[in-house]
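Chemist: Listed here are the chains, written in short residue letters.
2 protein chains.
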Amino acid sequence: MRTNRAWTLVARPEGRFKPTDFAWTESPVPPLEDGQVLVRQLQLSLDPTNRGWANPTATYLPALPLGSVMRGLGLGLVEESKNPAFAPGDYVQGMLGWQLYFVGDGTGLGRFQRQPGVPLDAYLSVFGHIGATAYFGLLDVGQPKPGDTVVVSGAAGAVGSLVGQIGKIAGCRVVGIAGSDEKCRWLTEDLGFDAAVNYKGGSLARTLRRACPSGIDVVFENVGGDVFDASLMLINRRARVVLCGMIAQYNEMVPPPGPRFLVNVLTQRARVEGFIVMDYAARYAEAFDALGRWMAEGRLRYRADVVPGLEQAPAAVNRLFEGGNTGKLIVGVSPEPGERE
Amino acid sequence: MRTNRAWTLVARPEGRFKPTDFAWTESPVPPLEDGQVLVRQLQLSLDPTNRGWANPTATYLPALPLGSVMRGLGLGLVEESKNPAFAPGDYVQGMLGWQLYFVGDGTGLGRFQRQPGVPLDAYLSVFGHIGATAYFGLLDVGQPKPGDTVVVSGAAGAVGSLVGQIGKIAGCRVVGIAGSDEKCRWLTEDLGFDAAVNYKGGSLARTLRRACPSGIDVVFENVGGDVFDASLMLINRRARVVLCGMIAQYNEMVPPPGPRFLVNVLTQRARVEGFIVMDYAARYAEAFDALGRWMAEGRLRYRADVVPGLEQAPAAVNRLFEGGNTGKLIVGVSPEPGERE
Numbered sequence: 001m002r003t004n005r006a007w008t009l010v011a012r013p014e015g016r017f018k019p020t021d022f023a024w025t026e027s028p029v030p031p032l033e034d035g036q037v038l039v040r041q042l043q044l045s046l047d048p049t050n051r052g053w054a055n056p057t058a059t060y061l062p063a064l065p066l067g068s069v070m071r072g073l074g075l076g077l078v079e080e081s082k083n084p085a086f087a088p089g090d091y092v093q094g095m096l097g098w099q100l101y102f103v104g105d106g107t108g109l110g111r112f113q114r115q116p117g118v119p120l121d122a123y124l125s126v127f128g129h130i131g132a133t134a135y136f137g138l139l140d141v142g143q144p145k146p147g148d149t150v151v152v153s154g155a156a157g158a159v160g161s162l163v164g165q166i167g168k169i170a171g172c173r174v175v176g177i178a179g180s181d182e183k184c185r186w187l188t189e190d191l192g193f194d195a196a197v198n199y200k201g202g203s204l205a206r207t208l209r210r211a212c213p214s215g216i217d218v219v220f221e222n223v224g225g226d227v228f229d230a231s232l233m234l235i236n237r238r239a240r241v242v243l244c245g246m247i248a249q250y251n252e253m254v255p256p257p258g259p260r261f262l263v264n265v266l267t268q269r270a271r272v273e274g275f276i277v278m279d280y281a282a283r284y285a286e287a288f289d290a291l292g293r294w295m296a297e298g299r300l301r302y303r304a305d306v307v308p309g310l311e312q313a314p315a316a317v318n319r320l321f322e323g324g325n326t327g328k329l330i331v332g333v334s335p336e337p338g339e340r341e
Numbered sequence: 001m002r003t004n005r006a007w008t009l010v011a012r013p014e015g016r017f018k019p020t021d022f023a024w025t026e027s028p029v030p031p032l033e034d035g036q037v038l039v040r041q042l043q044l045s046l047d048p049t050n051r052g053w054a055n056p057t058a059t060y061l062p063a064l065p066l067g068s069v070m071r072g073l074g075l076g077l078v079e080e081s082k083n084p085a086f087a088p089g090d091y092v093q094g095m096l097g098w099q100l101y102f103v104g105d106g107t108g109l110g111r112f113q114r115q116p117g118v119p120l121d122a123y124l125s126v127f128g129h130i131g132a133t134a135y136f137g138l139l140d141v142g143q144p145k146p147g148d149t150v151v152v153s154g155a156a157g158a159v160g161s162l163v164g165q166i167g168k169i170a171g172c173r174v175v176g177i178a179g180s181d182e183k184c185r186w187l188t189e190d191l192g193f194d195a196a197v198n199y200k201g202g203s204l205a206r207t208l209r210r211a212c213p214s215g216i217d218v219v220f221e222n223v224g225g226d227v228f229d230a231s232l233m234l235i236n237r238r239a240r241v242v243l244c245g246m247i248a249q250y251n252e253m254v255p256p257p258g259p260r261f262l263v264n265v266l267t268q269r270a271r272v273e274g275f276i277v278m279d280y281a282a283r284y285a286e287a288f289d290a291l292g293r294w295m296a297e298g299r300l301r302y303r304a305d306v307v308p309g310l311e312q313a314p315a316a317v318n319r320l321f322e323g324g325n326t327g328k329l330i331v332g333v334s335p336e337p338g339e340r341e
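The listed protein sequences correspond, in order, to chains A and B. Just so we're aligned: the first sequence equals residues 1 to 341 in our numbering. Just so we're aligned: the second sequence equals residues 1 to 341 in our numbering.
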């Protein structure tokens, strides 16, 4: 009999996640019932939105009861199935949770084709929710036109780094906001951003203004707080603001005051639109086709940061809030067939 | 020779307008040059946006240089014309400024038909920029559907009181936020709002929640600040927020922090859109046709608050920021023909 290993959420975090908010549990995996499927998780995605999922109140998903396995998106291999829609050896993605073995009735599990030559981590980044977020958020919600100036915050993150490259492909001037000079160099030297500014490197309002001499037409906001304000100060007439994340406040117990320059949304007749990628699930294939083509053409790169071992998840997740990751943060849970553990 | 009387802006206001920010000047009206038109102003509109116009920085209009006649929208009668587009006796509307006589080349002046039985103040309210703001802001930007809950702040103001009535005509549940119990009674008893809450009467978050048991689908925001936050806490999926005014902060020297619950725009995939009625100038007739029909059917009312005498303008304008007006605030500048001074 298989033994599951899991992190359960046992306390509501106050501020950042603490190790004591989770408990490590080991328990036998029960035999499958009719209609059920057993998935061994290979990789677990860590995302800023995980923090909100641990709160006692609903976000865009229901609140998670204490004592539950921590919610998380992951990909894995079907090992057993009593559900005709799945067969052993199928690769699937879904809310597998912070655990090795997932058992469910298949609801919310999506099968995907494992393409030769594509690393597994690509399916939790460029060919997963991250790529879809960047693609639909920028192109559908942001509506960039050639020549527009696009500013993306959290630019060295999983989503931001793709948004900027898609912006370049769309013919825009792209400016990234990131948290270190090293990240900024990666954006401009490796990913082709036109400019990148370090929000820890002095007056962001001033440096951003210098990097955006024609103002800003599209803001792709992942951060919130002062970083968001710096962009709002520079928006042009009819600017589009894609509200994708507000990571700066996810660890606050009380929502902090919002941007001072929201009034510019009024005077500039701008539009601020909230965006949750799940709403585009039916159109993911469209995004992955385009992203795959751009990768094959050498116009798009991604970076994954894979932390080995499910045991590391509680510590690793906080790196998202400390600027500790570049590109997509993933936990390696178990090896693929043929891969060494 | 005619003598003009005017309020010129001589100091940048700090906080609210002070009497010493203006100087009263009297000067002869010069003879018209070819192409010019002379207008005697009848009524001057006072609007919250006037405060921003006095700032040293541009808003959606260029900053006004110190020493200029204070900018203001007004309506008047053409008394002399050396411009073939205008004739003596024409009624016109435009940026006449805080003065008795306006001389210009006709740019920005619009003629309108004076309908029998319609009070003059209607042309600065329901059949003017106010009516157009309420009509296009709610219907075009807010996109209300029958059964939606619409919340309007500044509900007893010129725009807000029309927005709520248009919302009822559109089949919505309409909740107003206003600053006194008396105003709230006017909204519910005279104008047909489903509910009205007094933001000075205790916890707005709690009273607004009680008034909106199904959440909020459209926010028509005239106020900003804590009032805006109370609405944002209650927005439903895909809510539309019409950002029409942020009067709570127009007198602040430094923009105050924004709403804490902007994060709900993200989780609810809502849309916040800035709105300036000037952008709809080409479509005003459409609004006035509908508004006129609804008035004739007894489904729409407006209230004007006419302060007699141009001398009163500097004192009267602050009533907009003190909750001192109900309906449209107007200064009576000079009498119509046949009207007693």
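You may find that some hints are simply not true.
[Unchecked claim] Calculated Cβ distances over 10 Å to all of chain A for the following chain B residues:
1. Pro255
2. Arg260
3. Arg269
4. Arg271
5. Ile276
6. Arg319
[As the list claims (entries may be wrong)] Among chain A residues calculated to face chain B with C-beta under 10 Å, some are:
7. Tyr91
8. Gly94
9. Tyr250
[Stated by the list, open to error] Here are some, though not all, of the chain B residues that point toward chain A, as calculated from beta-carbon distances under 10 Å:
10. Asp90
11. Tyr91
12. Met95
13. Asp105
14. Gly245
Calculated directly from the structure, the hints in this document are not laboratory data. Backbone N, C-alpha and C define an ideal beta-carbon position, used for all residues, glycine too.
Chemist: Can you name, in rising order, the numbers of the hints this structure does not satisfy?
Modeler: Structure breaks hints 1, 2, 3, 4, 5, 7, 8, 10, 11, 12 and 13.
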